[in-house]
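Engineer: Residue numbers (the numbering used here), protein chains in the order written: chain A, 1 to 220; chain B, 221 to 440; chain C, 441 to 660; chain D, 661 to 880; chain E, 881 to 1100; chain F, 1101 to 1320; chain G, 1321 to 1540; chain H, 1541 to 1760.
Simulated from the structure, these hints should not be mistaken for laboratory data.
Incorrect hints may appear among the rest.
[Stated by the list, open to error] Partner residues are not named here, just some residues of chain G that face chain E (Cβ under 10 Å, in silico):
{"no.": "1", "residue": "Tyr-1330"}
{"no.": "2", "residue": "Leu-1437"}
{"no.": "3", "residue": "Asn-1439"}
{"no.": "4", "residue": "Ala-1442"}
{"no.": "5", "residue": "Gly-1445"}
{"no.": "6", "residue": "Met-1455"}
{"no.": "7", "residue": "Gly-1479"}
{"no.": "8", "residue": "Ala-1482"}
{"no.": "9", "residue": "Asn-1483"}
{"no.": "10", "residue": "Phe-1484"}
[Stated by the list, open to error] Straight line, CA to CA, 30 Å or less: simulated DSS-like cross-link-like pairs of lysine-lysine:
{"no.": "11", "chain 1": "A", "residue 1": "Lys-14", "chain 2": "F", "residue 2": "Lys-1121"}
{"no.": "12", "chain 1": "C", "residue 1": "Lys-506", "chain 2": "B", "residue 2": "Lys-234"}
{"no.": "13", "chain 1": "E", "residue 1": "Lys-894", "chain 2": "G", "residue 2": "Lys-1390"}
{"no.": "14", "chain 1": "F", "residue 1": "Lys-1221", "chain 2": "F", "residue 2": "Lys-1201"}
{"no.": "15", "chain 1": "G", "residue 1": "Lys-1334", "chain 2": "B", "residue 2": "Lys-234"}
{"no.": "16", "chain 1": "E", "residue 1": "Lys-901", "chain 2": "C", "residue 2": "Lys-454"}
{"no.": "17", "chain 1": "F", "residue 1": "Lys-1166", "chain 2": "F", "residue 2": "Lys-1221"}
{"no.": "18", "chain 1": "G", "residue 1": "Lys-1421", "chain 2": "B", "residue 2": "Lys-321"}
{"no.": "19", "chain 1": "H", "residue 1": "Lys-1554", "chain 2": "F", "residue 2": "Lys-1114"}
{"no.": "20", "chain 1": "C", "residue 1": "Lys-454", "chain 2": "E", "residue 2": "Lys-981"}
{"no.": "21", "chain 1": "G", "residue 1": "Lys-1421", "chain 2": "E", "residue 2": "Lys-894"}
{"no.": "22", "chain 1": "H", "residue 1": "Lys-1561", "chain 2": "F", "residue 2": "Lys-1114"}
{"no.": "23", "chain 1": "G", "residue 1": "Lys-1441", "chain 2": "H", "residue 2": "Lys-1661"}
{"no.": "24", "chain 1": "C", "residue 1": "Lys-510", "chain 2": "B", "residue 2": "Lys-234"}
{"no.": "25", "chain 1": "A", "residue 1": "Lys-101", "chain 2": "D", "residue 2": "Lys-674"}
{"no.": "26", "chain 1": "B", "residue 1": "Lys-341", "chain 2": "B", "residue 2": "Lys-290"}
[As the list claims (entries may be wrong)] What follows is a list of derived Cβ distance ranges for each label pair:
{"no.": "27", "chain 1": "D", "residue 1": "Cys-864", "chain 2": "E", "residue 2": "Asp-936", "range": "50 to 58 Å"}
{"no.": "28", "chain 1": "E", "residue 1": "Asp-936", "chain 2": "C", "residue 2": "Leu-557", "range": "24 to 32 Å"}
{"no.": "29", "chain 1": "G", "residue 1": "Arg-1360", "chain 2": "E", "residue 2": "Ile-930", "range": "26 to 34 Å"}
{"no.": "30", "chain 1": "H", "residue 1": "Gly-1570", "chain 2": "D", "residue 2": "Ala-782", "range": "32 to 40 Å"}
Backbone N, C-alpha and C define an ideal beta-carbon position, used for all residues, glycine too.
Protein chains: 8
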Amino acid sequence: VRQGFEEVVYCQGKATPHLVKIYQTLTAEGIDVLGTRASREQYEAVKEAIPEAVWDEVSRVLKVEKRDRKRIGRIVVCTGGTADVPVAEEAAQVAEFFGTKVTRLYDVGVAGIHRLLSNMKAFQGASCVIAVAGMEGALAGVVAGLVDVPVIAVPTSVGYGANFGGLSALLTMLNSCANGITTVNIDNGYGAAYVATQINRLACGGRHLSEEVVEEEKDE
Amino acid sequence: VRQGFEEVVYCQGKATPHLVKIYQTLTAEGIDVLGTRASREQYEAVKEAIPEAVWDEVSRVLKVEKRDRKRIGRIVVCTGGTADVPVAEEAAQVAEFFGTKVTRLYDVGVAGIHRLLSNMKAFQGASCVIAVAGMEGALAGVVAGLVDVPVIAVPTSVGYGANFGGLSALLTMLNSCANGITTVNIDNGYGAAYVATQINRLACGGRHLSEEVVEEEKDE
Amino acid sequence: VRQGFEEVVYCQGKATPHLVKIYQTLTAEGIDVLGTRASREQYEAVKEAIPEAVWDEVSRVLKVEKRDRKRIGRIVVCTGGTADVPVAEEAAQVAEFFGTKVTRLYDVGVAGIHRLLSNMKAFQGASCVIAVAGMEGALAGVVAGLVDVPVIAVPTSVGYGANFGGLSALLTMLNSCANGITTVNIDNGYGAAYVATQINRLACGGRHLSEEVVEEEKDE
Amino acid sequence: VRQGFEEVVYCQGKATPHLVKIYQTLTAEGIDVLGTRASREQYEAVKEAIPEAVWDEVSRVLKVEKRDRKRIGRIVVCTGGTADVPVAEEAAQVAEFFGTKVTRLYDVGVAGIHRLLSNMKAFQGASCVIAVAGMEGALAGVVAGLVDVPVIAVPTSVGYGANFGGLSALLTMLNSCANGITTVNIDNGYGAAYVATQINRLACGGRHLSEEVVEEEKDE
Amino acid sequence: VRQGFEEVVYCQGKATPHLVKIYQTLTAEGIDVLGTRASREQYEAVKEAIPEAVWDEVSRVLKVEKRDRKRIGRIVVCTGGTADVPVAEEAAQVAEFFGTKVTRLYDVGVAGIHRLLSNMKAFQGASCVIAVAGMEGALAGVVAGLVDVPVIAVPTSVGYGANFGGLSALLTMLNSCANGITTVNIDNGYGAAYVATQINRLACGGRHLSEEVVEEEKDE
Amino acid sequence: VRQGFEEVVYCQGKATPHLVKIYQTLTAEGIDVLGTRASREQYEAVKEAIPEAVWDEVSRVLKVEKRDRKRIGRIVVCTGGTADVPVAEEAAQVAEFFGTKVTRLYDVGVAGIHRLLSNMKAFQGASCVIAVAGMEGALAGVVAGLVDVPVIAVPTSVGYGANFGGLSALLTMLNSCANGITTVNIDNGYGAAYVATQINRLACGGRHLSEEVVEEEKDE
Amino acid sequence: VRQGFEEVVYCQGKATPHLVKIYQTLTAEGIDVLGTRASREQYEAVKEAIPEAVWDEVSRVLKVEKRDRKRIGRIVVCTGGTADVPVAEEAAQVAEFFGTKVTRLYDVGVAGIHRLLSNMKAFQGASCVIAVAGMEGALAGVVAGLVDVPVIAVPTSVGYGANFGGLSALLTMLNSCANGITTVNIDNGYGAAYVATQINRLACGGRHLSEEVVEEEKDE
Amino acid sequence: VRQGFEEVVYCQGKATPHLVKIYQTLTAEGIDVLGTRASREQYEAVKEAIPEAVWDEVSRVLKVEKRDRKRIGRIVVCTGGTADVPVAEEAAQVAEFFGTKVTRLYDVGVAGIHRLLSNMKAFQGASCVIAVAGMEGALAGVVAGLVDVPVIAVPTSVGYGANFGGLSALLTMLNSCANGITTVNIDNGYGAAYVATQINRLACGGRHLSEEVVEEEKDE
Ligand SMILES: Nc1ncnc2c1ncn2[C@@H]1O[C@H](COP(=O)(O)O)[C@@H](O)[C@H]1O
Ligand SMILES: Nc1ncnc2c1ncn2[C@@H]1O[C@H](COP(=O)(O)O)[C@@H](O)[C@H]1O
Ligand SMILES: Nc1ncnc2c1ncn2[C@@H]1O[C@H](COP(=O)(O)O)[C@@H](O)[C@H]1O
Ligand SMILES: Nc1ncnc2c1ncn2[C@@H]1O[C@H](COP(=O)(O)O)[C@@H](O)[C@H]1O
Ligand SMILES: [Mg+2]
Ligand SMILES: [Mg+2]
Ligand SMILES: [Mg+2]
Ligand SMILES: [Mg+2]
Ligand SMILES: [Mg+2]
Ligand SMILES: [Mg+2]
Ligand SMILES: [Mg+2]
Ligand SMILES: [Mg+2]
């Protein structure tokens, strides 16, 4: 069974020639590939081998996407500040790559709660929310207090001093007294996108991630 | 709008007379109540005031449930060991109180991986899984590698020494390389049950937790 | 120079006979005394020696206050949940003992941000705010985003698991991206009240804490 | 309403072209801008676009200040050692940018307590003190024991080994038994300056930070 | 060779009958014994067997001392607050038991630096200083800045919240920028007394702890 | 007594000329040398002096091995992911250098438990297993649940965020509820290989590591 | 296949009636049982049901052992101090229950290295060593420097202050630069005994733990 | 009063021109200067200005020493491994600069306890010992068990993984059960040398560090 979209490569730390080979092998089999945490150097090497490769400097996502995938349902990806956008974009682009519609709502952190409150309509109809925040990380709890769908909290390493590399935001999210929050690893946009896609598919009537793929393949 | 089932009380640290009053006020209004982390002493005082009150020694859940709530969908609650059962039961009973069907699968931790593998059919058709584990906490990752629905990981404080009160299981779960895991606070069965119910409702075609309630009320 | 109101005793860990002696010596000199973290047993012993002694079970404040102190200015003491009230009351009562008017606004945590937003008028005219919160501790940042006076954040040890005895709330507050927050030790209502009183006096045109006292004494 | 002085930019991590644009947009609207943690490279790019830009190598503050702002009241900024001066200067220059008079008192740490004691007159008339210290961080407590106004403690990451990136100074300050101390994040000179300005305005009879601005604007 | 005074017993956790036996065996051989961290219950049992046993409730030192030991040299034991006295007394009494003259200077912590400064003469002629402090633990650094002999810093677990069981004072002391400080474990009055005695003997012209004993024995 | 194979050099941090000299001295005496954590630059310098030197880029092992050592028994080295291979290869090559037969089984982590289960025959007849894993580190516990020989767990620093430099995998391994696991330091492939060789020799009827060597030398 | 001796029960936290049932069921089937961390209360209840039950107050091991098991090979269990004996005895008795000969060598910690050095003959012929130590935990490294068989290090929670519940000894052991050490969880005597038995059997020519049992059963 | 030798400069982080100026000013006044943690670049700049400047690459000590200082007494500086030598040399050279005779004993760590034991005569007559060790840091406790003078323990950041930047050695030293150990900050060779010099002077009959200087000056 061809599954395709499940091919997400974690580029960080992979030797460039090795990475190019992975991309070549997969695309040769007609499989679309998305890499996370790709460096510019890795991008340039892959691009030379596969001209369709596109790289987003902010999210460091490196994609070779040939199929025109139908997107279903809808999730919201929001951030506390602009420094959290790289992680949020990793989440958003992975979710889109997996066939999920994404609404972005960036820089609505609790320091300016009014920006969030005046954008509540963006959450309507979403099957779940990915809340990305560093420093104090309070966004996730505030959002969960306002919506009734699952909030997947992504702490980021944004900040300095007593943020201890993301620990502060992580603890905030784990200890939130708002209902409906679960948490992933610091800076793990990918992991949040994966779960959000699972939930979105369930909400769209699909059962599971891999079955869904199989069924869709048959439709083509 | 009457919502009722959302009344979950966190009993720990509440003065007994104060707790009795909360139970009396709510049940007087016809609202069902579930309390978590209730002590035997709290139970006995509530029981005296409200004879229908039932208490489960293992999970420390204290319930006054008069409505006969229809349960929908299905989730699995599994544990690594028997010492994790109190937290698992808090999760299972809260989910049931919120109207979710629950399959229990206890003591299937990775030390005896065969017990888990020979019970994989229990996961079929479940909209999500709550994996409860202390000590090394590896259960969540193993389960997530085997199923395609969201796994909500609940680290427990079970263990000693370098478990540091649940930190070891928490870090294991946050760092899992399996896809589809999110994590809640140490021993937070309640929080896992809340999110699992949200996901289960989405999978059953209901939209949100509170809307769902409203619709159901109309059906009566 | 008699100063009186500066007599705050930290009762925890003090032997009861020793504590009674402290209260007797001070009150014999006409000095009002406030003790923090007093146990019921300590209260009963002091009460026997000094019938005017009053004790508040929630805040564990044990007071012998004979002078009828004029209160000036105004501060707000708010909490995230009801479990934070003991610390908040320590802060509020110490501030009042030091001659500060206090507005209480409890249980307005971010899980229910609407309760906070519909009470914004309480903050008008306050010279500063003491924000008391445990678990995720996000209240301080949200309040600081809404007001323009200093917010003194008091993390509490309320919570369990990954709250690590108040560390989670402490880190949240230290890392807040809202402007105008400073933080004191976990559960240190007393310390927050002291600084809030200093700020309130400055705002009322008084210069310093001890000079203020001296001037006021002369007025009598 | 034009507010102007509230424009403080956190330069660290911002792409240089993006930062230049921010400075251009604001100054084009006649708004003064102060950036913290600006690199030399960022400075040179901004300077090219806006020749009035000035950069201080020590504090890494990058300013475009055209209005000749009246400074009011007075605060003291003191440090334990010379290695703490960069953080102290960030605090001092931000406070001045916000219209506060600042007295600097550097290198008066507790290892040489006599230098501090022989400079006590510098504190007279100050509305509050910013105490900046790394390593053991004891300066804040010693100063608070000597003055009667609020002391805002800024732990720095100066030191090595068991300073754990500023944790040692942070814990010292949070645990001080001196009255009148509150603490901000490690190396957070900006945050301390913001609160100090709020307190200084209250002491000068102004009410709040933004109202103050509004009133002042009217005066022009 | 009879050495005697080296017999210091760590009573905590020892079964009472076992402890009584230790005391009996040693005293039967004419050896003086000092026990640290002895409970009242342990004291009463030892007392019954050896009527000369004396116990100090504050320091929890339990002594059977029959020889009339000459004390030499002089050290100072000082504390930040009164809550640190139990640890300080353990240090002082152990040092005295080892034959060292001790000057006590309690409650001179940095919150009231003037008390310390007006008692500097107490340090004159001392061969070293034991500085005992909890909470922020700044006393050791301040003292080391004022004297020219070694300062042995003893952090205590006194405090709450972010003192993390003595960690705050420990880190303060390890990171002190004053010259001449070394540190022992949290609450380890005994260990400080041992080293102070070694230094004191060196300063008195004796060479080592055990040789010293031997020589002294001969003098008798 | 010539021992030879015990010459393992820890290259990291050694000055290149110094390292070259160590290799020259030992090989001049006919002793084989294996260096761990050697950089390319160190390799090139050693190679210039000793042309037989070989370096493995992945494991960073730098070897001069002239004797043709007989390998005995058998151990398994397995990894959770491909990023753990450098540490695993350090272990495998050191064990081989010490005369142990090694079976490699890489990338069989718990996220894909089926790969491990379908390779169980590789463990048959092995005297012990070295399980190398980062991130959640669950591999060691799963393997120990499946085999009956000692499992030496090597946590790696592979991962990001809340892996805290390998702490997450370390705690997982220390807290495993599977029987038969012991743990070495993070990334310590060398240490695991040493113990595995000791066990393998015991299983092969040899007594100890150094005696074994002596005996073997005699055989030549 | 009957295996019997593998029945080790972790008693801590198990309800007494539940524990009695476990013991009854197993002994009824002729299986010997050893329980670790059994309380006196648990012992008395089990004793009432099974008069042959014996309990050791020091190690808290609760045994029903009817078979007269032949012991093979030999291991050494040593401790740094007497306070580590409870953990050491858990290890020693479990190893004996599993059929291993055990030599005990207690209170030979590094503070008195001579006691260890004058007992080196005890290590001759042992297949491995279990080194149990709290506080600084240096014993394991010293022993590993002196012997050539695997040393299984067991950190204990013995100590106070900066031992942080056993963390200090744990880190010491993990970071030992002596060859041949692996580490188990804090206070985990059981886990060390399990691995030591595995190694001892390999050294005695048996292959694996469970096979060994099977073979032995046949011999009877 | 001229004191001279107290001029020790902490070079790390100081701007090169600033550092050159410090050296020039002091040497111009005839004061000898020793700098710690000086980089090669700093050395070269100072050398250009002051040709007598000498720099030791290992310890990174940068000295301008014109006076021919008489050295008194004797201390021992020992290390666990060769990687600890830079810190040990900082200690040794600072002590010598302060007029103390130093015996070096390097690479005698507990992994090879015999090297230490066969060198015990080196400790005879020393007034105190500086024990420098990383990784497990057990050297200090072993030495203190063997000698009767104060042992100043210097943990180093040497190691990797669970050494956590020197934390492992620090905790080992703080928790040592040997008598006569005190500890300084991680890698703080300077601090140890300062205290060792104080003790050495006391043992030589001098009273204090600065008095000693004064007296010596008079002798010239
Ligand atoms: N940013 C990321 N963080 C965590 N896991 C990731 C990330 N990107 C990809 N992955 C996971 O890593 C797997 C690929 O790893 P690899 O085979 O090393 O490329 C994917 O299937 C994902 O499960
Ligand atoms: N075991 C639990 N852990 C965390 N939160 C809980 C738990 N049980 C109940 N809650 C939450 O606590 C709320 C009730 O808190 P309270 O008003 O203090 O009784 C519920 O609505 C839940 O959101
Ligand atoms: N709850 C509290 N937390 C911290 N410090 C306190 C508290 N209550 C009182 N204090 C301080 O403790 C001092 C009295 O301590 P004591 O002399 O031990 O009674 C007061 O002057 C305050 O500075
Ligand atoms: N990667 C490693 N990690 C830990 N210890 C090692 C490593 N490689 C070698 N060693 C140890 O370091 C010793 C050599 O250290 P050195 O004398 O500094 O080269 C060897 O005998 C081993 O005990
Ligand atoms: Mg919600
Ligand atoms: Mg899955
Ligand atoms: Mg504000
Ligand atoms: Mg003050
Ligand atoms: Mg000094
Ligand atoms: Mg096994
Ligand atoms: Mg060995
Ligand atoms: Mg000694």
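Engineer: Take the hints in turn and mark each one as holding or not.
Structural biologist: Hints, one by one, checked against the model:
1. Tyr-1330: Because about 23 Å separates Tyr-1330/G from the closest Cβ in chain E, which is outside the 10 Å limit, the hint is violated.
2. Leu-1437: Where the cut-off is 10 Å and the nearest Cβ of chain E is about 19 Å from Leu-1437/G, the hint is violated.
3. Asn-1439: 23 Å, violated
4. Ala-1442: 25 Å, violated
5. Gly-1445: At about 33 Å, which exceeds the 10 Å cut-off, the nearest Cβ of chain E leaves the hint on Gly-1445/G violated.
6. Met-1455: Hint on Met-1455/G: holds, closest Cβ of chain E at ~9 Å, below 10 Å.
7. Gly-1479: 8 Å, holds
8. Ala-1482: 5 Å, holds
9. Asn-1483: 8 Å, holds
10. Phe-1484: 8 Å, holds
11. Lys-14/A with Lys-1121/F: 34 Å, violated
12. Lys-506/C with Lys-234/B: 33 Å, violated
13. Lys-894/E with Lys-1390/G: Distance ~35 Å between Lys-894/E and Lys-1390/G Cα, so the pair is violated.
14. Lys-1221/F with Lys-1201/F: Cα-Cα ~16 Å, so holds.
15. Lys-1334/G with Lys-234/B: 27 Å, holds
16. Lys-901/E with Lys-454/C: 34 Å, violated
17. Lys-1166/F with Lys-1221/F: 33 Å, violated
18. Lys-1421/G with Lys-321/B: The given pair, whose Cα atoms are some 53 Å apart, is violated under the 30 Å limit.
19. Lys-1554/H with Lys-1114/F: 27 Å, holds
20. Lys-454/C with Lys-981/E: 29 Å, holds
21. Lys-1421/G with Lys-894/E: 29 Å, holds
22. Lys-1561/H with Lys-1114/F: Judged against 30 Å, a Cα distance of about 34 Å means the pair is violated.
23. Lys-1441/G with Lys-1661/H: With Cα atoms ~26 Å apart, Lys-1441/G and Lys-1661/H stay inside 30 Å; holds.
24. Lys-510/C with Lys-234/B: Violated, at roughly 35 Å.
25. Lys-101/A with Lys-674/D: Since the Cα atoms of Lys-101/A and Lys-674/D sit roughly 29 Å apart, the hinted pair holds (cutoff 30 Å).
26. Lys-341/B with Lys-290/B: 24 Å, holds
27. Cys-864/D with Asp-936/E: 50 to 58 Å: 55 Å, holds
28. Asp-936/E with Leu-557/C: 24 to 32 Å: Violated: the Cβ-Cβ distance is about 59 Å, outside 24 to 32 Å.
29. Arg-1360/G with Ile-930/E: 26 to 34 Å: 30 Å, holds
30. Gly-1570/H with Ala-782/D: 32 to 40 Å: 33 Å, holds
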